[in-house]
Amino acid sequence: MEILAQLIVSGIALGMIYALIAFGYQLTFATSGTLNFGQGEALMLGALVGLTLVGHMSYWLMIPLVLIFGALQGIFVERVGVLPALKTKSEFGWIMTTISLAIIFKNVAENVWGHDDITFPSPLPTSPIEFFGIRVLPMEILVVVGALAIMLAVELFNRKSIYGKAVIATPNDRDAAGLMGINTGVVITFSYALSSMTAAFAGVLIAPLTLTGSTMGVVLGLKAFSVAIIGGLNSGMGVIVGGLILGIVETMTGYYISTGYKDVPGLLLLLLVLAIKPSGLFGKSVIKKV
Amino acid sequence: MLQIKELHAAYGKVEVLHGISVDVPQGKVVTLIGSNGAGKTTTMRAVSGMIKPVSGNISLNGKNITGMTSNRIARAGLAHSPEGRRVFPTLSVTDNLLLGAFPRLTFGRERGDVPGDLTRVFELFPRLRERENQLAGTLSGGEQQMLAMGRAIMLNPDVLLLDEPSMGLAPLLVKEVFRIIRELKERGITMLLVEQFAAAALDVADYGYVLENGRISVHGPAEQLKNDPAVKAAYLGAAH
Amino acid sequence: MSAIKNSSIVLGIVAAAVLPTIWPNPYYIHLMVVIGIYAILLLGLDIVVGYVGEVSLGHAALFGIGAYTAGVLNFQLGVPFLLAVPASIAVTGLFGALLALPALRVNGPYLAMVTLAFGTIIQILINEMTFLTNGPLGLSVRKPIFFEHQITGTDYYYIVLLALVLSVYVIQRILKSHLGRAFEALHDSPIASDCMGVSVYGYKVYAFVLSAGIAGLAGSLFTYSEEYISPSTYNFELTILFLLAVIMGGRKTRTGPILGAVIIVMLPNVLSDIALFREISIGIAVIAAAYSAYAVTTGQRSLKQVALPVVATIALAVSGFFMEDITEHRLTIFGVMILFVVYYLPNGIMGFLRSLVVKFRPQWVHRHAVILEHGDQQHIWSVPDHPVTAQGHLLEARNIVMQFGGLKALNEVTLEIAKGTVHGLIGPNGSGKSTMMNVLTGIYKPTSGEIEFNGKIITGTTPSSIAGEGIARTFQNVQLFGEMTAIENVLVGLHHTFRHRLIDVVFQTPRCRKEKHAAEIRAASLLQFVGLADLANEEARNLPYGKQRLLEIARALALNPSLLLLDEPAAGLTAPDIKELIVMINKIRGHGITVILIEHHMDVVMSICDTVTVLDFGQKIAEGNPAAVQSNEKVIDAYLGGSAKAE
Numbered sequence: 003m004e005i006l007a008q009l010i011v012s013g014i015a016l017g018m019i020y021a022l023i024a025f026g027y028q029l030t031f032a033t034s035g036t037l038n039f040g041q042g043e044a045l046m047l048g049a050l051v052g053l054t055l056v057g058h059m060s061y062w063l064m065i066p067l068v069l070i071f072g073a074l075q076g077i078f079v080e081r082v083g084v085l086p087a088l089k090t091k092s093e094f095g096w097i098m099t100t101i102s103l104a105i106i107f108k109n110v111a112e113n114v115w116g117h118d119d120i121t122f123p124s125p126l127p128t129s130p131i132e133f134f135g136i137r138v139l140p141m142e143i144l145v146v147v148g149a150l151a152i153m154l155a156v157e158l159f160n161r162k163s164i165y166g167k168a169v170i171a172t173p174n175d176r177d178a179a180g181l182m183g184i185n186t187g188v189v190i191t192f193s194y195a196l197s198s199m200t201a202a203f204a205g206v207l208i209a210p211l212t213l214t215g216s217t218m219g220v221v222l223g224l225k226a227f228s229v230a231i232i233g234g235l236n237s238g239m240g241v242i243v244g245g246l247i248l249g250i251v252e253t254m255t256g257y258y259i260s261t262g263y264k265d266v267p268g269l270l271l272l273l274l275v276l277a278i279k280p281s282g283l284f285g286k287s288v289i290k291k292v
Numbered sequence: 014m015l016q017i018k019e020l021h022a023a024y025g026k027v028e029v030l031h032g033i034s035v036d037v038p039q040g041k042v043v044t045l046i047g048s049n050g051a052g053k054t055t056t057m058r059a060v061s062g063m064i065k066p067v068s069g070n071i072s073l074n075g076k077n078i079t080g081m082t083s084n085r086i087a088r089a090g091l092a093h094s095p096e097g098r099r100v101f102p103t104l105s106v107t108d109n110l111l112l113g114a115f116p117r118l119t120f121g122r123e124r125g126d127v128p129g130d131l132t133r134v135f136e137l138f139p140r141l142r143e144r145e146n147q148l149a150g151t152l153s154g155g156e157q158q159m160l161a162m163g164r165a166i167m168l169n170p171d172v173l174l175l176d177e178p179s180m181g182l183a184p185l186l187v188k189e190v191f192r193i194i195r196e197l198k199e200r201g202i203t204m205l206l207v208e209q210f211a212a213a214a215l216d217v218a219d220y221g222y223v224l225e226n227g228r229i230s231v232h233g234p235a236e237q238l239k240n241d242p243a244v245k246a247a248y249l250g251a252a253h
Numbered sequence: 044m045s046a047i048k049n050s051s052i053v054l055g056i057v058a059a060a061v062l063p064t065i066w067p068n069p070y071y072i073h074l075m076v077v078i079g080i081y082a083i084l085l086l087g088l089d090i091v092v093g094y095v096g097e098v099s100l101g102h103a104a105l106f107g108i109g110a111y112t113a114g115v116l117n118f119q120l121g122v123p124f125l126l127a128v129p130a131s132i133a134v135t136g137l138f139g140a141l142l143a144l145p146a147l148r149v150n151g152p153y154l155a156m157v158t159l160a161f162g163t164i165i166q167i168l169i170n171e172m173t174f175l176t177n178g179p180l181g182l183s184v185r186k187p188i189f190f191e192h193q194i195t196g197t198d199y200y201y202i203v204l205l206a207l208v209l210s211v212y213v214i215q216r217i218l219k220s221h222l223g224r225a226f227e228a229l230h231d232s233p234i235a236s237d238c239m240g241v242s243v244y245g246y247k248v249y250a251f252v253l254s255a256g257i258a259g260l261a262g263s264l265f266t267y268s269e270e271y272i273s274p275s276t277y278n279f280e281l282t283i284l285f286l287l288a289v290i291m292g293g294r295k296t297r298t299g300p301i302l303g304a305v306i307i308v309m310l311p312n313v314l315s316d317i318a319l320f321r322e323i324s325i326g327i328a329v330i331a332a333a334y335s336a337y338a339v340t341t342g343q344r345s346l347k348q349v350a351l352p353v354v355a356t357i358a359l360a361v362s363g364f365f366m367e368d369i370t371e372h373r374l375t376i377f378g379v380m381i382l383f384v385v386y387y388l389p390n391g392i393m394g395f396l397r398s399l400v401v402k403f404r405p406q407w408v409h410r411h412a413v414i415l416e417h418g419d420q421q422h423i424w425s426v427p428d429h430p431v432t433a434q435g436h437l438l439e440a441r442n443i444v445m446q447f448g449g450l451k452a453l454n455e456v457t458l459e460i461a462k463g464t465v466h467g468l469i470g471p472n473g474s475g476k477s478t479m480m481n482v483l484t485g486i487y488k489p490t491s492g493e494i495e496f497n498g499k500i501i502t503g504t505t506p507s508s509i510a511g512e513g514i515a516r517t518f519q520n521v522q523l524f525g526e527m528t529a530i531e532n533v534l535v536g537l538h539h540t541f542r543h544r545l546i547d548v549v550f551q552t553p554r555c556r557k558e559k560h561a562a563e564i565r566a567a568s569l570l571q572f573v574g575l576a577d578l579a580n581e582e583a584r585n586l587p588y589g590k591q592r593l594l595e596i597a598r599a600l601a602l603n604p605s606l607l608l609l610d611e612p613a614a615g616l617t618a619p620d621i622k623e624l625i626v627m628i629n630k631i632r633g634h635g636i637t638v639i640l641i642e643h644h645m646d647v648v649m650s651i652c653d654t655v656t657v658l659d660f661g662q663k664i665a666e667g668n669p670a671a672v673q674s675n676e677k678v679i680d681a682y683l684g685g686s687a688k689a690e
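Chains as they are written, first to last, in the working numbering: chain Y, 3 to 292; chain W, 14 to 253; chain S, 44 to 690.
Rather than coming from a laboratory, the hints here were simulated on the basis of the structure.
Hints should not be assumed to be uniformly reliable.
Stated by the list, open to error - Only pairs whose alpha carbons sit at most 16 Å apart, straight line, appear in this in silico EDC-like list of lysine to aspartate or glutamate:
1) Y/264 / S/269
2) W/41 / W/143
3) W/188 / S/680
4) S/557 / S/416
5) S/186 / S/316
6) Y/91 / S/582
7) W/26 / S/582
8) W/198 / W/219
9) S/488 / S/526
10) S/295 / S/526
11) W/65 / Y/119
12) S/186 / S/270
13) S/499 / S/428
14) W/65 / W/126
15) W/41 / W/171
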């Protein structure tokens, strides 16, 4: 019983990271119908840039700088990869360009930071805290709090500020948004900036808990696909539930079956959700007027 | 205030407007009437920037707006309540209205008194005030039309484009819409009105243009057009 | 021209066959074998990426499944080559179905996401399931023994060459048949495709499963070629190379995948030899600069457009002189290559060459099979697949409500269509006519209400099955398959008459040829009926607007419908054309086809409709014969807004 509880708690931190990356997918998919197949690489770059900065300043000071870096990286991806592809109106275009950028980023990271994984110094004490026999790392708590905080901040922004409303209006009706004086192109660029920013943030959150290296983003980005689809590519809160489900199922699979098969539940869940309710567990199936 | 000169517009390869010229003086209501497919909505879309004209010249308050993107034209002071209403379904009534004032709240238009204008729009459309927090997608057709018009007014525009405001509405609501147009006219708002219901449009307008197959066939003061046999032929094309 | 094409193909095969005798180096022979195997896989991948337009990020994994199926069968169970290969095809095809069936149900990047996840999992599973696959240690397999003769490397070259030639032949046959037309149609206009009975979902899955089976073939051949397989080969990098090859070689061609295979097999060799890399990159920069100079001086491209690619290729060449080892950066180079191809060479190298040839010798390039069949009167009409058995009304739509959010586009509308009549549906803009059309053809599922057609409830079924029941339609905004010719468009409508199977297509059986011939005659006859006989081989997007609308009618009639829905057929037609249209509709009715007509041209409605229903504000406000409806006060009000002017 204790083991089960421990597994669940370990799964939560991991799940929140998945949720945060999936949240990034939603941000861009909601405004432009596209997503960044290199989201994992955005996370990786955030972590590595953070690693370099942390050698010169404290972890807390590093965070806003990494956020800025993430935003710039997102703008780059959108301008170079997505915008020209959107002009060709084919799905194939932006999928291939975001993938190409992903492999370029990864290769560049390999050459700059090397192939080996590096340990990221933890800003919080590394000894676990005990609650009722369950061990939790302080860093894991920070991950959950940080992820929730940034997702909440974005949601508040969307609901309260006029810019946020403009971001919601754009996918609702792009033409009408233009008539309101909203530059829909800028809205899309902004959503990519925000998306990469949250991924970079996820990177510095998870880096102290795992090994930091050029390959860290690949699998995380992939798993987050499942979470985004489980939660629904259009809905906000579903990703948190989806992330928790995946995180917990994975830790349990890893323990009860084998660590080798840890990555399988993600794919199975993905196929299952697509087969049964493609709009996601929390997504709303919208009838589009033709 | 709004001057359209020799406007040519096309959808793909098919040219739909073959050089039309329309003048909307300040404070006046000008209407564009014609049967379906004549090109009325195309004209509106070309003016507000939803489509790019093939050639011609459009100027707003002396400023050349031909070929600009719709968001820049909106910030220049032209509001368009589009055909089919096109409200933002997942945002509330109030949020839809506030977005109408987007250039005033951000940049491009003088800020003025946005909350005051919001109150005034609610006075004009009491039905909307009852539903101020409701999601726009759940409103009925008539209510959405009110919202689209209110949203356009929130820009505090120099010119207001109304595209088929009566489309798909029950007769009672059509009456309501034209009453509101009359009230806006009394407030001195410059309007370009496109309508399927020529009779009602000519009743409220100062001046009218008749569009047939992408060309202006007849134009003149509204009173004159109402009694013109050519006009009767054009707008009775719907049902003999 | 086909004489030149055919003889060059034969020449190519002969040259390939003779190659090992001229150049017996085993290393290069093995390289050619790998090129051949990759080419087979890429031909299959082109069906998904080039024709249907979906991205698959899992073809390396499917390749691996093919390889391991053959490997495991041989290694663990001693299954011979001639059984292992077909088994691989079947197993890989099955995995393809497993992926495609859930992932393609909804539009979006789901197939890409699913196949990417699949690719990662398969590598892991192959590594983990050591009891089956021997895990990271890999499997050893020996080349087969036929009739006591041990197949050598050179022998195997001929086996793969034969497999490649057969693959090209089979895939060519498939893509030139009604199946290939279906793939193109669903990409061109998914809505029209569904409404003509070609299910977009069904054929997308079909395309993916085909490509999976072909990948399985390639995989199994690969196992015997290498004689040793291990999991590390079938990784993401390989999948990227496959995609690069398909788009760089040239989509929708047979030579493109072969060229692409050559490129990606040679690429690692080029990258590891820095001197060779420098030579090639300089060559590419020179070509790019020369072409750009030509394009700018002849005004085809602006300086701004060519600036970036030229600078990029020069930068690449220069970078070669600063680095000693390019292999560390190979993924960056692949990424840049993909970006380059997506932006500047969307149709690949073969597509680019083709566009050059078209400029100088247009007659050398023929994009469509020219169909010279002539139609005749006898073949216009045919018996519907589902004969009309209903005793009462042919179609009954009862209490239909269609709600979009808070908007009731249709509010309890009941429509009863009598057999053999022309039933008009009129009303002002926004009254719900087109919505009703879309509800009747299954594009929307009504919020409530029931639709019964020919005695069968069809509410909530898919557009393609409704088309199968015998309801055909035209569209208000023309939805033709623009890149296909007029007659090909009609042939898509005739898709349901092609009952023969894949096997028949591959072997061009008499049954296949008979059905094809019959369909072509029928299509030509239908074009004659609408007056487009001399434009049969013109691309649909080049036709004038009015003729496009007539083509839609011909295509809809090809479905052998018992009910034809015409959505504003007279829009954009000149007065004499409208007279022709009326004659046409009368003839259609004369042959027992019931018609529902949405129109704004009152003269059309009055002259041919037996009954007219008037909608306004989503409700039925009048119904009856044309004269009665025309003088109905409510109708006059609705069209003129009479009450609004009483101020």
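Hint by hint, here is what the structure shows:
| no. | hint | in the structure |
| --- | --- | --- |
| 1 | Y/264 / S/269 | violated, 31 Å |
| 2 | W/41 / W/143 | violated, 31 Å |
| 3 | W/188 / S/680 | holds, 12 Å |
| 4 | S/557 / S/416 | holds, 14 Å |
| 5 | S/186 / S/316 | violated, 31 Å |
| 6 | Y/91 / S/582 | violated, 21 Å |
| 7 | W/26 / S/582 | holds, 15 Å |
| 8 | W/198 / W/219 | holds, 10 Å |
| 9 | S/488 / S/526 | violated, 30 Å |
| 10 | S/295 / S/526 | holds, 13 Å |
| 11 | W/65 / Y/119 | violated, 53 Å |
| 12 | S/186 / S/270 | holds, 7 Å |
| 13 | S/499 / S/428 | holds, 14 Å |
| 14 | W/65 / W/126 | violated, 33 Å |
| 15 | W/41 / W/171 | holds, 11 Å |
In terms of the numbered hints stated before, the structure departs from hints 1, 2, 5, 6, 9, 11, 14, listed from lowest to highest.
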